[in-house]
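Residue numbers (the UniProt record's numbering), protein chains in the order written: chain A, 1 to 293; chain B, 1 to 265; chain C, 1 to 288.
I should point out that these hints are in silico values taken from the structure, not numbers from a laboratory. Since this is a predicted model, take the numbers as computed values, not measurements. By construction, the Cβ of each residue, glycine as well, lies at the ideal position given by its N, Cα and C atoms. Where hints are given, some of them may not hold.
[What the hints assert, rightly or not] PhoX-like, lysine-lysine: derived pairs with alpha carbons at most 25 angstroms apart:
{"id": "1", "chain 1": "A", "residue 1": "Lys18", "chain 2": "B", "residue 2": "Lys165"}
{"id": "2", "chain 1": "B", "residue 1": "Lys11", "chain 2": "A", "residue 2": "Lys18"}
{"id": "3", "chain 1": "A", "residue 1": "Lys22", "chain 2": "A", "residue 2": "Lys42"}
{"id": "4", "chain 1": "B", "residue 1": "Lys165", "chain 2": "A", "residue 2": "Lys22"}
{"id": "5", "chain 1": "B", "residue 1": "Lys66", "chain 2": "A", "residue 2": "Lys18"}
[As the list claims (entries may be wrong)] Simulated restraints on C-beta separations:
{"id": "6", "chain 1": "C", "residue 1": "Ala81", "chain 2": "A", "residue 2": "Gly140", "range": "46 to 52 angstroms"}
{"id": "7", "chain 1": "A", "residue 1": "Gly230", "chain 2": "C", "residue 2": "Gly257", "range": "32 to 38 angstroms"}
{"id": "8", "chain 1": "C", "residue 1": "Glu25", "chain 2": "A", "residue 2": "Thr71", "range": "55 to 61 angstroms"}
[To be verified] Stretch-level coverage of chain A by chain B, calculated; a stretch enters the list once three of its residues show a Cβ under 8 angstroms from a Cβ in chain B:
{"id": "9", "region": "88 to 96"}
{"id": "10", "region": "101 to 109"}
{"id": "11", "region": "152 to 166"}
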Amino acid sequence: MSHPDPVIEVVDVEHTYKGDTKALAGVDLTIGRGEFVAIIGKNGSGKTTLAKHFNGLLRPTNSGGAVRLHTGEGKTIDTRGSRLHHLAATVGYVFQNPDRQIFHDTCREELEYGPRNLGADPATLAHQVSETLELVGLEGRAEANPIHLSRGERQRLAIASTLVMGCDVAVVDEPTTGQDRAESRKILDSLAHHHAQGRTVVIISHDMALVAEYATRVIAMRRGHVLADGTPAQVFSQREVLQETNIRPPQAAVLAAEIGLPGALTVDQAVRSMRDALLPTSRTPVSPIGEVE
Amino acid sequence: MSGTMLYQPGKTVLHRADARAKIVAILVVLALALTTTRVDVLVALTAVVVLGLAVLARITPASYAKALLLIIPLVLLLTLLQALVQGGPAIATLAGVPLSRSGVLLGLGIGMRLFAMGICFYGFSVTTSPSDIALALHKVGVPYKFAYLTSFAFRFLPLLQDEAKTLLTAMAVRGSAESSSRHPLRRGRAIVRMLFPMLAGSMKRSSEIALSMELRGYSLPGPRTFYRSATFRGSDAALVAGVLVLAAALLAMQWQLPAPFTEGA
Amino acid sequence: MSTPALAVSGLSVRYEGAERRALDEVAFEVAPGQIVGILGPTGAGKSTLLQCLSGVIPRHEDGAAMRGDIALFSRPLTDFAGLSDITETIGLVLQDPEVQLVNTVVREELVWGMENRGVPVPEIERRLSRAAELFGIGDLLDRFTHALSGGEKQRVVVASVFCLSPRIMLLDEPTSELDPAGTEGVMNAIRVLADEGVTVLVVEHKVEELAVYADRLIAMRQGRIEATGTPREVLMGTAAPDRPQVLDIALRLRELGHWESELPLSVPAAVTAWEAMTNTPHSDRNRT
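All chains should be modelled from the sequences, with the hints used to inform the complete structure.
This is the structure we're talking about:
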């Protein structure tokens, strides 16, 4: 996909861990400003390795590979020549386990840490912090000790402490692992609110139902390659390709496709198109269903 | 990613040797290293250890050179200190201060001692699986519950290392210049900041680890089976004999040859 | 019903300083060889329940007050001498795999518990190869435990409890870090074990898998059991915190008056039901 306003450019990136096979075997892609990208793929397909290149946590191991960030102010940064904390202002990264990235005694201090490092104006910091806490649904918990938050709340705190830095891009690794459905939704809603403010969001996820609902673009990885890249509808309709890599589209999408009503991805969409198909006036288009095994 | 001191599986002579034989070998080297400060003997000892690892375990000096380089400043510091403190004839003067010859020799001797012991430990931990160490300790009479803890330490060292790394990286991606700083003081601040969450984390975790060990019968009183076996073979006896012969040779060297570089020997 | 594998009655737990009970008058029975899925939002008391059933509460946890009766195969839990004694019958897999890997190499991890129990070496060999096959970890046996991925760690942890050959297995979110293929692998293994008579209680957020693999479901909320029954019974009701998407779709179409067939729990069932519903006019037309 090409983008009029790119924010991350990944050019021919390979990555080989010491003494191991190639985790990334030549990836080219551009992430546009304002996208909500989901990277999917089975364990070990290279999702996290790819995402860690977005903010310089990993650098390409081939000399020809490059990752370039385009900041809001029109600057271009090559991650290879930059120190990690310099990239932090452009791309924020939330690790999988919230407990390994929370190191303060109150939620407020936790949120202040990032902006302070970036030289935030103390006058506006308090406002920034309370706004972000509200964004992730932790308003009123500013002075709470993170130890006393639930697992889901801690995950949202970890996300908030990245979002509060106001980076152009927020990369979040498996935000809903081990969370219940209601909590998973709250987490994704937080990211959606952030996205609605014109920011770019990249998540890594196994939860295809959430991906179908929230992402504007899906990148499917397999053995270090990009296997499919497009809108959720485009990617989830490539069923043979996905089967190969064990990615299963959400049940709603599979059901809709199996009964000859492709295009539906979410429960709402499936209900709508199935109801339409069942209405007496539209019985005729339903007939091809007999052909589906 | 995690420390290079960890066990690396292999099929060399030392890998296959019984851990007890290797422990004896280490003890002999330690005894030799700690009972002399003579540079010539210690150089010979280090050379023997390096050669032994290269031949018996195919471990080239390159694999531990980096760790040794870290000790060199320490050795130089020690040597300088000894040179200033010790009396006797001077070997040179530094800014008008005489450097004692015997002090320099003593410092270098201690340095070689560290080298010999360090390389020896490295060879042991790289060629011996933690559970073999535990088993060996158990076989020589240490109760299993204590012997197991050595193997347990090898499991949790990399875990802590990993966690520290993740925390430092998490700080860096939130714009902290401290955590990736090369400046030891600034980096030190980041490490202090990291210490508390790490400690709190390990406290909570250690209770869970104890529980999960309990759930798998760690404290059952009944007889325990051992899946792996440790047999002291002829080759192990040969290894021990070889080490003893070398030790005797080095001792002989110490007694027979005059100490080098000494005044009016 | 024959002797239940698990019988629980009047079980209540309150943690020190907590406002409400973590478990509140919980009672249920489980027949041997069943897979029971435990559903519920965070804070429902699912993990606490598993800890009570395995004796961790009150034996390992000081800060929890517990009352009520638990029996394993009619034997009261209070009759067992200690935690290690209980775990002869029951195997518990905790949520975090990291704290349960206590050896450096995978093979030793699997073997360790059996050694502690004094299992003879030939039997250790037998179970080891069975575990490798069942959980698809044959190629991991010589790897370092610290170098495994999250999903691999979870499989090793479940396998090492399987190696103890417990009659009842309690699994706390055993597939949270696994992709769909990995999840299915673990679920299949559990099914095989249940068919051999092992009783399995599994806490799991993945309802789409539970709907297919579980024999019964227990839905919990705020320390209470809100519903128990077959997956269909529980998931259709209001107590379910989440439903398989196909069931959701069918329920909503039924509300709109469009779904007369049986409610589906899986995609194939939904497709069959849909075809039955839509093919009727289709075949009618063929006849005329």
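(request) Give me the numbers of the hints this structure contradicts, sorted from smallest to largest. (result) none
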